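Q: Read off the chains here:
There are 2 protein chains.
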Amino acid sequence: MKLVKTVAELQAIVKEVKKSGRTIGLVPTMGALHEGHASLIRAAHAENDFTIVSDFVNPTQFGPTEDLDAYPRTLDHDCELAEAMGADVLFAPSPKEMYPSKDMTWVEVTGDITKVLCGRTRPIHFRGVATVVSKLFNLAQPDKAYFGQKDAQQAQVLKRMVKDLFFPLEIRVMPIVREEDGLAKSSRNVYLTPEERKAAVILNRALKKAEAAFAAGERNSAKLVALTADIIRTEPMSNIDYVEMYQLPELTEAEAEITTDHLLAVAVKFGTTRLIDNVILAVNK
Amino acid sequence: MKLVKTVAELQAIVKEVKKSGRTIGLVPTMGALHEGHASLIRAAHAENDFTIVSDFVNPTQFGPTEDLDAYPRTLDHDCELAEAMGADVLFAPSPKEMYPSKDMTWVEVTGDITKVLCGRTRPIHFRGVATVVSKLFNLAQPDKAYFGQKDAQQAQVLKRMVKDLFFPLEIRVMPIVREEDGLAKSSRNVYLTPEERKAAVILNRALKKAEAAFAAGERNSAKLVALTADIIRTEPMSNIDYVEMYQLPELTEAEAEITTDHLLAVAVKFGTTRLIDNVILAVNK
Chain A
6 MKLVKTVAEL
16 QAIVKEVKKS
26 GRTIGLVPTM
36 GALHEGHASL
46 IRAAHAENDF
56 TIVSDFVNPT
66 QFGPTEDLDA
76 YPRTLDHDCE
86 LAEAMGADVL
96 FAPSPKEMYP
106 SKDMTWVEVT
116 GDITKVLCGR
126 TRPIHFRGVA
136 TVVSKLFNLA
146 QPDKAYFGQK
156 DAQQAQVLKR
166 MVKDLFFPLE
176 IRVMPIVREE
186 DGLAKSSRNV
196 YLTPEERKAA
206 VILNRALKKA
216 EAAFAAGERN
226 SAKLVALTAD
236 IIRTEPMSNI
246 DYVEMYQLPE
256 LTEAEAEITT
266 DHLLAVAVKF
276 GTTRLIDNVI
286 LAVNK
Chain B
6 MKLVKTVAEL
16 QAIVKEVKKS
26 GRTIGLVPTM
36 GALHEGHASL
46 IRAAHAENDF
56 TIVSDFVNPT
66 QFGPTEDLDA
76 YPRTLDHDCE
86 LAEAMGADVL
96 FAPSPKEMYP
106 SKDMTWVEVT
116 GDITKVLCGR
126 TRPIHFRGVA
136 TVVSKLFNLA
146 QPDKAYFGQK
156 DAQQAQVLKR
166 MVKDLFFPLE
176 IRVMPIVREE
186 DGLAKSSRNV
196 YLTPEERKAA
206 VILNRALKKA
216 EAAFAAGERN
226 SAKLVALTAD
236 IIRTEPMSNI
246 DYVEMYQLPE
256 LTEAEAEITT
266 DHLLAVAVKF
276 GTTRLIDNVI
286 LAVNK
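Those protein sequences? They're chains A and B, same order as listed. Residues in the first sequence are numbered from 6 upward in steps of one, following my numbering. Residues in the second sequence are numbered from 6 upward in steps of one, following my numbering.
Next up, chain A with everything else stripped away, as it sits in the complex (with noise of 0.2 Å):
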């Protein structure tokens, strides 16, 4: 595996795996691997010829007050794994080579599907993230797109963005990648103490819940979303940003009786570490 660290090295890499006709999946991470990302790039490399991982803690989607300076940075680790689990480059880019001018090219999707959820608190997130990812696809020209469930509502922004500015390649979104005890892997769970935790794990289980009641017959949003905020809020150390429930793929307003597929999501501090979470309610499952 390749580390590369320019924009001009990977153009001329990828510049020359396209000549041969070879398919290209890319895998976009903030770096500080764990499982979640390491089955995204096992697909990756499953399903095309030559796999880019990108490792690129993204300035512009962090808010003012957010944790970019606090997020974990683990190079050598992220390419010992990335290497494993059969990446061919491990794209590393400083800021300066991701954002070349003074000032900004953005892409931006518009509607509820960036407003709610996430979008609410984190107003210039989706922004930041459609853009960046433009930059990627157009540097790594993939076939296909690699991206983790547990980021839902990114997965459903950056589907639209596909599909609104028609990008040639597919996105895949890829099944949460859980802890023995249900906890959702992800890189801000290093910032948890050992109590926080032990409690963060209420989140599946509310989920869980909310999933078991569904499947044996429950269909009012309402109801649904109620069960699993009224489960998170029995743990003390819990403190609710969101739980919410949108139509897919749009994130439009519930049903009020489920008809179509839902996202069940939820957003949870424990201490200063906010963890999000999701179950997909399929009608037709």
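FYI, nobody ran anything at the bench for these hints, they're computed from the structure. From a predicted model like this one, the values you see are computed outputs, not experimental measurements. Errors might be hidden in some of the hints.
In this list, chains with the same sequence are indistinguishable; a pair is considered to hold if it fits within one copy or across any two.
Said to hold, decoys possible - With a cut-off of at most 20 Å between alpha-carbon atoms, the simulated EDC-like pairs for lysine to aspartate or glutamate come out as follows:
1. Lys164 x Glu102
2. Lys107 x Glu260
3. Lys107 x Asp117
4. Lys107 x Glu258
5. Lys24 x Asp186
6. Lys20 x Asp235
7. Lys274 x Asp81
8. Lys24 x Glu185
9. Lys120 x Asp108
10. Lys107 x Glu255
Using the hints, position chain B against chain A.
A: Chain B in isolation, oriented as in the chain A frame:
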């Protein structure tokens, strides 16, 4: 030459062309093709294996009081001209094809470059241009894309967009094509009454005087601007929107005494028709 009206059909054609390793030239137009467009198509045909001309009056780059509905549509003529110049495909989609979602995904280049000149009186114009051209780039996947120097600010904005978002292509800017009396070719010239048409030659005449003064050693930007504006004002039918000079490539404030390449650009109304023209004052020409 093939007339293509749907995104899906264009995508299928581009996929085949790319697979065969042929290079693609793209000429984005709003139709109403004239000799200026013809020169772009000829260049694309000469420099690439496969030439795609798009023909789409893009609604998102027109302001609410602008000439979207009146803009000339001449599809049959456009097909004939594009084919004669060597185009392989004329892509003439509907607005619904190009804008498939209820809400928009925007591409926006920020900074002086989109705020000055036409950006001041047409605040949403370049966002519409950047968005539709991004879509066309992703659809046609060109090696080279062709634009006219007549829309000088547009060319600079799109170069910035390509640089910032790393589109894997080259922007080619081709010289202004003029009528025999010097008026720059424009789809909007058909709006002019015979009297306005005669009066409009003052634009080129004024810019040529400024160019001559510059060639003769005049380096004071304010003087060159004043000289240009004074000549245009000698034409009673002219109504100046702007006569301005900016530093290339970012359209930052002009130097008092010019030491680098600058753009001298004018927008002038004749009756209800707004015409633009420009000249590059190149220090190392």
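Q: Give a verdict on every hint.
A: Here is what the structure says about each hint:
In this assembly of identical chains, lysine 164 and glutamate 102 lie within 20 Å of each other by CA distance solely across copies; the values are 17 Å between and 26 Å within a copy. For a Cα distance limit of 20 Å, the shortest separation of lysine 107 from glutamate 260 across copies, 19 Å, qualifies, whereas the shortest one inside one copy, 45 Å, does not. For the homomeric pair lysine 107 and aspartate 117, the shortest alpha-carbon distance between copies (11 Å) is at most 20 Å, but the shortest distance inside one copy (30 Å) is not. Taking the closest pair of Cα atoms, lysine 107 and glutamate 258 come within 20 Å of each other only across two copies (15 Å); inside a single copy the shortest separation is 39 Å, beyond that limit.
Neither within a single protomer nor between protomers do lysine 24 and aspartate 186 lie at most 20 Å apart by alpha-carbon distance, with minima of 46 Å and 47 Å respectively. Neither within a single protomer nor between protomers do lysine 20 and aspartate 235 lie at most 20 Å apart by alpha-carbon distance, with minima of 53 Å and 52 Å respectively. Taking the shortest alpha-carbon separations for lysine 274 and aspartate 81, neither the intra-copy value of 29 Å nor the inter-copy value of 62 Å comes in at or below 20 Å. For the homomeric pair lysine 24 and glutamate 185, neither the shortest alpha-carbon distance inside one copy (44 Å) nor that between copies (45 Å) is at most 20 Å.
In this assembly of identical chains, lysine 120 and aspartate 108 lie within 20 Å of each other by CA distance solely across copies; the values are 12 Å between and 24 Å within a copy. For the homomeric pair lysine 107 and glutamate 255, the shortest alpha-carbon distance between copies (10 Å) is at most 20 Å, but the shortest distance inside one copy (33 Å) is not.
In summary, the structure is inconsistent with hints 5, 6, 7 and 8 from the numbered list given earlier, while agreeing with the others.
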